[in-house]
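Colleague: Given the coordinates of chain A, work out where chain B should sit on it, guided by the hints.
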Amino acid sequence: GAVVSQHPSWVICKSGTSVKIECRSLDFQATTMFWYRQFPKQSLMLMATSNEGSKATYEQGVEKDKFLINHASLTLSTLTVTSAHPEDSSFYICSARKEGQGPIQYFGAGTRLSVL
Amino acid sequence: SQQGEEDPQALSIQEGENATMNCSYKTSINNLQWYRQNSGRGLVHLILIRSNEREKHSGRLRVTLDTSKKSSSLLITASRAADTASYFCATSRSGGGADGLTFGKGTHLIIQP
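Order-wise, the sequence lines are chains A and B. Sequence positions in the first sequence follow the working numbering and run 833 to 948. Sequence positions in the second sequence follow the working numbering and run 308 to 420.
Chain A with its partners taken away, still in its complex shape (with noise of 0.2 Å):
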């Protein structure tokens, strides 16, 4: 199997904190994981790739220093929304690659991220 967990599913914060997800690949490691972000009704745009041990390469019109991504295992990757504002508000879906597949990719259950 290939199971990416993410946590938590829903988050509700204040305008200004900074809010962190969490994206584990459970039973299988992953040198590369993904993170996107989904508006409702929406298509996935990818917003940067994670690679352990490494920096993240972010998309272009993504600002790294408000989506700070940590990979610093083979099973975890961390997006951090840092100052938080109501425009942030969106599901932020991430994903794993498993060696020998190829492209396809593994995707944890999304965070619902709600900004008052």
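To be clear, the hints were calculated from the coordinates, so they are not data collected in a lab. Even glycine gets a Cβ: it sits at the ideal position worked out from N, Cα and C. What you were told as hints is all true, and nothing was included just to trick you.
Some chain B residues near chain A, calculated using beta-carbon distances under 7 Å:
hint, residue
1, Arg348
2, Gly349
3, Leu350
4, His352
Now the stretches of chain A that chain B is said to cover, found in silico as 3 or more residues with beta-carbon under 8 Å:
hint, stretch
5, 856-870
6, 931-942
Modeller: Quick look at chain B alone, frame taken from chain A:
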């Protein structure tokens, strides 16, 4: 930026009927994938078709790929209520998967019992 455009954006059919969704993309690809997303959840990989393949089957799923037209279709046969979900095509910049995926806008499929 969005690579693919799904067509239709929404589709409602009766249980037991076949559902066909189309996807177009803009750049050259090594492969194309289809994913399913149940409401408010993550995505589940359905099927991958390589650029040198024209058709692929997996259970009730049939995927076609026309690289000359830069389009793909997903057919779900004998639909079930549990097939109700959003379906996305996805491509990647590299064939090996080191890059993230670029998703189409998706087709929201509703299966009426």
